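Trainee: Sequence:
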Amino acid sequence: MRSIGAVETAVVQGQLTREAADLELAVIARHYDGLIDIYAVDGTGSHYYQAEKWRTLAGRALSQGELERLIAYIASGQKQTTGYFHGVSDLPVLTSCALLTQNNVATHVVLFHTDISDVKEDTRSVAVEIGLIAVVGLLVAIIAVYYTTTAFTKPFMEVNEIVQQYSKGDYNARIPISDTEEATQLALSFNAMADQLKDLEATRRSFVANVSHELRSPLTSMRGFLEAMQDGTIGPDEYEKYIDIVLSETRRMTSMVNDLLDLARIESGKTAIKLEIFDINELIRRTLITFEARISERRMDVDIKFAQEQCYVEADPAQISQVLRNLIDNAIKYSPEDRKLRIATYALKREVYVSIQDFGQGIPTEDVPHVFDRFYKVEKAHTPSKQSGTGLGLSIVKRIIDQHGQRITLKSTKGKGSTFTFTLKRAPSPKRQQQQDGGRQRYGIQ
Numbered sequence: 067m068r069s070i071g072a073v074e075t076a077v078v079q080g081q082l083t084r085e086a087a088d089l090e091l092a093v094i095a096r097h098y099d100g101l102i103d104i105y106a107v108d109g110t111g112s113h114y115y116q117a118e119k120w121r122t123l124a125g126r127a128l129s130q131g132e133l134e135r136l137i138a139y140i141a142s143g144q145k146q147t148t149g150y151f152h153g154v155s156d157l158p159v160l161t162s163c164a165l166l167t168q169n170n171v172a173t174h175v176v177l178f179h180t181d182i183s184d185v186k187e188d189t190r191s192v193a194v195e196i197g198l199i200a201v202v203g204l205l206v207a208i209i210a211v212y213y214t215t216t217a218f219t220k221p222f223m224e225v226n227e228i229v230q231q232y233s234k235g236d237y238n239a240r241i242p243i244s245d246t247e248e249a250t251q252l253a254l255s256f257n258a259m260a261d262q263l264k265d266l267e268a269t270r271r272s273f274v275a276n277v278s279h280e281l282r283s284p285l286t287s288m289r290g291f292l293e294a295m296q297d298g299t300i301g302p303d304e305y306e307k308y309i310d311i312v313l314s315e316t317r318r319m320t321s322m323v324n325d326l327l328d329l330a331r332i333e334s335g336k337t338a339i340k341l342e343i344f345d346i347n348e349l350i351r352r353t354l355i356t357f358e359a360r361i362s363e364r365r366m367d368v369d370i371k372f373a374q375e376q377c378y379v380e381a382d383p384a385q386i387s388q389v390l391r392n393l394i395d396n397a398i399k400y401s402p403e404d405r406k407l408r409i410a411t412y413a414l415k416r417e418v419y420v421s422i423q424d425f426g427q428g429i430p431t432e433d434v435p436h437v438f439d440r441f442y443k444v445e446k447a448h449t450p451s452k453q454s455g456t457g458l459g460l461s462i463v464k465r466i467i468d469q470h471g472q473r474i475t476l477k478s479t480k481g482k483g484s485t486f487t488f489t490l491k492r493a494p495s496p497k498r499q500q501q502q503d504g505g506r507q508r509y510g511i512q
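Position one of the sequence shown corresponds to residue 67 (the numbering used here), numbered consecutively onward.
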């Protein structure tokens with residue numbers, strides 16, 4: 067099948083009659099389902115050929131001016147146009163344009179129209195479907211974002227509500243465990259914090275009650291003794307006895323207040339560690355001398371087991387002395403008369419171990435994990451009232467050892483006693499250090 071251009075060229079060259087050409091052009095139009103429209107470029111704008119179907123769609127022919135603009139449009143390189151073709155067509159068409167030339171002179175304008183009304187309708191339907199899909203997608207996205215945001219923020223809203231309850235002193239509320247790993251971890255952390263706060267609050271209340279009792283009791287007894295001395299109930303011959311009692315109660319209150327101040331100072335970080343190298347064995351001996359009267363009074367036997375005669379450590383001697391005093395005081399306090407007190411030291415690698423063992427009643431298993439807690443005091447059912455303290459001594463000991471970067475442990479068996487063991491950093495003896503320094507200087511080692 068020849069092209070439209072070939073058919074028209076054959077007509078111009080006399081190889082094909084106009085009637086034969088029209089028939090062939092009609093065949094081409096039917097074959098491509100197109101509407102052929104040919105204009106002569108002779109200044110008159112007359113139709114050269116017009117397909118029959120195009121005649122039914124076209125309300126009129128192009129004017130000379132419209133034809134000239136169309137020729138200029140084609141000459142500029144444009145080959146297609148869509149729409150109602152200058153208002154000529156009753157239906158939207160896709161028009162392919164071409165110029166036929168002979169000897170480089172334009173002779174005809176060939177227009178090949180294709181009905182695109184169905185395409186327009188299909189496009190409109192597709193656009194509507196796309197719009198509906200977009201709306202549905204947007205709604206789904208909004209719902210998904212809402213539920214995702216709600217799921218993400220819900221744990222934080224619950225945390226906020228729980229924290230507000232904590233701020234009011236209610237530590238019983240707990241955050242429910244969520245499905246997501248992050249929210250679960252957050253809930254577990256907050257619940258653990260709530261448990262600690264609840265325990266701390268219970269300990270604080272117990273401490274306030276204990277301290278109030280410990281302060282009120284001596285104050286009440288001292289006031290009673292002094293008032294009795296004032297009104298003559300206690301005669302002058304008994305003054306010395308009751309003055310000694312008042313002094314003893316005063317010393318106990320002073321010790322309690324000092325413990326409170328020491329703990330507050332240590333926990334605030336205001337107590338600086340002054341590291342020195344000293345003999346821990348010698349410090350233990352000197353500390354034991356201060357307890358000599360109490361040890362003799364209770365007829366206790368002190369068993370000292372030093373692996374070495376001298377054992378040097380690097381620590382703050384004043385603070386370690388306080389640790390020793392508290393631990394030895396506890397051991398004496400909770401040991402029956404005629405029992406043994408054992409103190410041992412030994413070095414292992416870079417550490418020195420110091421243990422203080424009593425053979426008293428021991429600490430109940432349920433109390434062992436808490437003995438170093440602030441304000442914690444072993445149940446009075448296990449502790450005679452005369453031996454009851456404020457529960458600060460061991461807490462002070464633990465914090466001093468922690469400040470030194472060391473460890474303290476407790477092993478206790480009910481009815482057999484308790485052993486406290488703490489570590490200190492091992493240090494060379496001063497003589498050995500001097501010898502090492504002298505050797506370095508001798509060989510020029512910095």
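Hints should not be assumed to be uniformly reliable.
The calculated DSS-like cross-link candidates involving lysine-lysine, where the alpha carbons are at most 30 Å apart (straight line), are [to be verified]:
(1) Lys399 - Lys307
(2) Lys234 - Lys340
(3) Lys340 - Lys307
(4) Lys406 - Lys340
(5) Lys340 - Lys482
DEER-style ranges, computed between Cβ atoms [as the list claims (entries may be wrong)]:
(6) Gly235 - Pro494: 34 to 40 Å
(7) Lys340 - Pro494: 44 to 50 Å
(8) Leu198 - Ser162: 32 to 38 Å
Hints were generated in silico from the structure; no laboratory data involved. Every value quoted in this text rests on a predicted model; they were computed, and no experiment measured them. We put the CB at the ideal spot given by N, CA and C, even for glycine.
Trainee: A separate judgement is required for each hint: does it hold in the structure or not?
Mentor: Now the hints, each set against the structure:
1. Lys399 - Lys307: holds, 24 Å
2. Lys234 - Lys340: violated, 42 Å
3. Lys340 - Lys307: Not OK: Lys340 and Lys307 at ~43 Å, beyond 30 Å, violated.
4. Lys406 - Lys340: violated, 34 Å
5. Lys340 - Lys482: With Cα atoms ~37 Å apart, Lys340 and Lys482 exceed 30 Å; violated.
6. Gly235 - Pro494: 34 to 40 Å: violated, 54 Å
7. Lys340 - Pro494: 44 to 50 Å: Violated: the Cβ-Cβ distance is about 19 Å, outside 44 to 50 Å.
8. Leu198 - Ser162: 32 to 38 Å: Given about 34 Å between the Cβ atoms, the range holds.
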